[in-house]
Amino acid sequence: MIALKGITKRFGEHTVLDGIDLSLERGEIIVVIGPSGTGKSTLLRCINFLEHPDAGELTVGDLHVDAARPGKDDILGLRRRTAFVFQNYALFAHKTALENIAERMIVVEGLSKNEAHARAREILERIGLADKADAYPAALSGGQQQRIGIGRAMAAKAEVILFDEPTSALDPEWVEEVLALMKQLAAEQQTMIVVTHEMQFAREVADQVVFMDGGRIVEQAPPSELFTNPKDERTRSFLRKVLSGNAPAAT
Amino acid sequence: MQALNLDYMAGLVPVLLGYLPLTLGMAAAGMVCALILACGLAVIRVSRLPVLDQAAKLFISFFRGTPLLVQLFLFYYGLPQFLAFLVSINGVTATIMGLTLHFSAYMAESIRAAITGIDRSQTEAAQSIGMTNAQTMRRIILPQATRVATPTLMNYFIDMIKSTSLAFTLGVTELMGATQKEAASSFLYFEAFLVVAVIYWIVVEALSWCQKRLEKRLNRAYQR
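Protein chains in written order, with my numbering: chain U, 1 to 251; chain P, 1001 to 1224.
Read the hints as simulated data drawn from the structure, not as lab findings.
Please read all numbers here as calculations on a predicted model, not as lab measurements.
You may find that some hints are simply not true.
[Said to hold, decoys possible] Okay, derived cross-link-like pairs now, BS3-like style, lysine-lysine, Cα gap no bigger than 25 Å in a straight line:
no., chain 1, residue 1, chain 2, residue 2
1, U, 5, U, 231
2, U, 113, U, 95
3, P, 1216, U, 132
4, U, 95, P, 1216
[To be verified] One side only, chain P facing chain U, incomplete, derived with CB under 8 Å:
no., residue
5, 1121
6, 1122
7, 1124
8, 1127
9, 1128
10, 1129
11, 1130
12, 1131
13, 1135
14, 1139
15, 1140
16, 1143
17, 1144
18, 1221
19, 1222
20, 1224
[Unchecked claim] What follows is a list of derived Cβ distance ranges for each label pair:
no., chain 1, residue 1, chain 2, residue 2, range
21, P, 1132, U, 59, 20 to 26 Å
22, U, 59, P, 1036, 42 to 48 Å
23, U, 242, P, 1132, 39 to 45 Å
24, P, 1215, U, 62, 47 to 53 Å
25, P, 1210, U, 71, 44 to 50 Å
26, P, 1215, U, 204, 46 to 52 Å
27, U, 197, P, 1223, 30 to 36 Å
28, P, 1217, U, 18, 49 to 55 Å
29, U, 204, P, 1053, 48 to 54 Å
Ideal Cβ placement from N, Cα and C applies to all residues, glycine included.
Just need the whole structure built from these sequences, with the hints factored in.
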């Protein structure tokens, strides 16, 4: 189970997150949508302490952390219970696809190189990139790199995978393969929090859609409800803007 | 004008080559020690550890700011005045020490620049999978920084090989010292120093070739 309570983050004078409460059960999928600059990415980054929240409480699995006063072990513990998929993939540039996926198993879990590589190969099979095991990131397409990025997150066997706009940096031609992999994970009951502008994905895959604006959660509902009958004017206005481009999907 | 004494030069080559191992040995020892020290200094500078950072800055400033020859004299002739245990220091050890300290100051700065040049996302990715700061540095940042820093570091290594010639001022009979002695007894200064110059030159060229191979290897991961 994941629970956030009163997560607050300020950059100087500017309050980016203003007391966020959010919880999800194992296997649940939450998609976070909202205008740019409303703290969606910051929220994800606070969950694994890539950003340090100024206040609030975090619970991930059996670990409960006072976000304002985290110990070193708390931060490491949170990071080891979560996995992160970056917008720009952030694959280790000097490691092959296989090594990127195996790295955590070797360093954090202490598996032998052989065993870690064997397991990484299984993951490569699952993400359909077994033939790219020895390729370096520079030689892969954006879509392939992001699938490796997701594979690296899968290797963590984390309580939750946090996706930070995983398709935003991709050329349009690669978006579909990445979304397909995420749907595959969703079908396998992987707990995830996904920040994205892919409304169709949210509609199909999310259990709950969270609409954020100005550092707050404005509205949270299952997609069937939020997309067809948004309660708040800000949600309606946002959805009008993003869905006007692909009207058929909005029906 | 008289002709070059080619027979003398040919005879000198094997004699001088006998001193090459000492020259290369001092350079190799100096390089290894300097690399270790430089990595330490660079990590201290990058992580801005209090006090240590100031000390590292001062160290780098001094050893970059003074000539190697002055440093060697300071260690070999100067320090034993105050530190009794250094009285027995030999010229070879003093040279390796001097090369280490002097070049580590330069190398620390290029390693630091290479580390800070690695994209922030690499650190975040490492943190996100639960690696500690030390693991991130050792497994993710330093290997990538190595590739960036290698051309510069190899240049320092080349410079270091040539700088071992200063050891003769501490009475060490290495390549340069041996040449000096040979020249003094034969009075064929030009021939002797020409031979030693060519030996240094060939060594450096060989090393440049290795450098190219090494850089190619390190760039393997970055080929599209």
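For each hint, the structure was consulted:
Among the hinted pairs, residue 5(U) with residue 231(U) is consistent with the structure: their alpha-carbon atoms are about 23 Å apart, no more than 25 Å. Restraint check for residue 113(U) and residue 95(U): satisfied, since their Cα atoms lie roughly 14 Å apart, inside the 25 Å limit. For the given pair, residue 1216(P) sits about 22 Å from residue 132(U) by alpha-carbon distance, which is consistent with the 25 Å threshold. Note on residue 95(U) and residue 1216(P): the hinted pairing holds, with a Cα-Cα distance of about 16 Å set against a maximum of 25 Å.
Taken as an interface hint, residue 1121(P) checks out: its beta carbon lies about 4 Å from the nearest beta carbon of chain U, inside 8 Å. Interface hint status for residue 1122(P): upheld, as the beta-carbon distance to the closest one in chain U is roughly 7 Å, under 8 Å. Nearest Cβ of chain U to the Cβ of residue 1124(P): about 6 Å, under the 8 Å cut. The hint holds. Contact between residue 1127(P) and chain U, as hinted, is supported at the beta carbon level, the nearest pair being about 6 Å apart and thus within 8 Å.
With a least beta-carbon distance of about 4 Å to chain U, the hint placing residue 1128(P) at the interface is held under the 8 Å criterion. For residue 1129(P), the shortest C-beta to C-beta distance to chain U is roughly 4 Å, which falls under 8 Å, so the interface hint holds. About 4 Å separates the beta-carbon of residue 1130(P) from the nearest beta-carbon of chain U, less than 8 Å, and the hint is met. For residue 1131(P), the interface hint holds, the least distance from its beta-carbon to any beta-carbon of chain U being 6 Å, beneath 8 Å.
Contact between residue 1135(P) and chain U, as hinted, is supported at the beta carbon level, the nearest pair being about 5 Å apart and thus within 8 Å. Among the interface hints, the one on residue 1139(P) holds; its C-beta lies about 6 Å from the nearest C-beta in chain U, closer than the 8 Å criterion. The beta carbon of residue 1140(P) comes within 6 Å of a beta carbon in chain U, closer than 8 Å, and the hint placing it at the interface holds. For residue 1143(P), the interface hint holds, since its Cβ comes within 8 Å of a Cβ in chain U; the closest pair sits about 5 Å apart.
Interface hint at residue 1144(P): satisfied, since its Cβ lies 5 Å from the closest Cβ of chain U, which is below the 8 Å cut-off. Against a cut-off of 8 Å between C-beta atoms, the interface hint on residue 1221(P) holds, since the closest Cβ of chain U lies about 4 Å away. Interface hint status for residue 1222(P): upheld, as the beta-carbon distance to the closest one in chain U is roughly 5 Å, under 8 Å. With a cut of 8 Å, the hint placing residue 1224(P) at the interface with chain U holds, because the nearest CB-to-CB distance is about 6 Å.
For the pair residue 1132(P) and residue 59(U), the supplied restraint of 20 to 26 Å holds, since their beta-carbon distance comes to about 23 Å. At roughly 44 Å, the beta-carbon separation of residue 59(U) and residue 1036(P) lies within the given 42 to 48 Å, and the hint holds. Look at residue 242(U) against residue 1132(P): about 40 Å separates their beta carbons, and that is inside 39 to 45 Å. Evaluation of the 47 to 53 Å hint for residue 1215(P) and residue 62(U) yields a pass: the beta carbon distance comes to about 48 Å.
Checked against the given bound of 44 to 50 Å, the beta carbons of residue 1210(P) and residue 71(U), roughly 48 Å apart, stay inside it. Taking the beta carbon of each, residue 1215(P) and residue 204(U) are about 48 Å apart, inside 46 to 52 Å as hinted. Against the hinted window of 30 to 36 Å, the Cβ-Cβ separation of residue 197(U) and residue 1223(P) comes to about 33 Å, which satisfies the hint. Look at residue 1217(P) against residue 18(U): about 51 Å separates their beta carbons, and that is inside 49 to 55 Å.
As the Cβ distance of residue 204(U) to residue 1053(P) is approximately 52 Å, the hint placing it in 48 to 54 Å holds.
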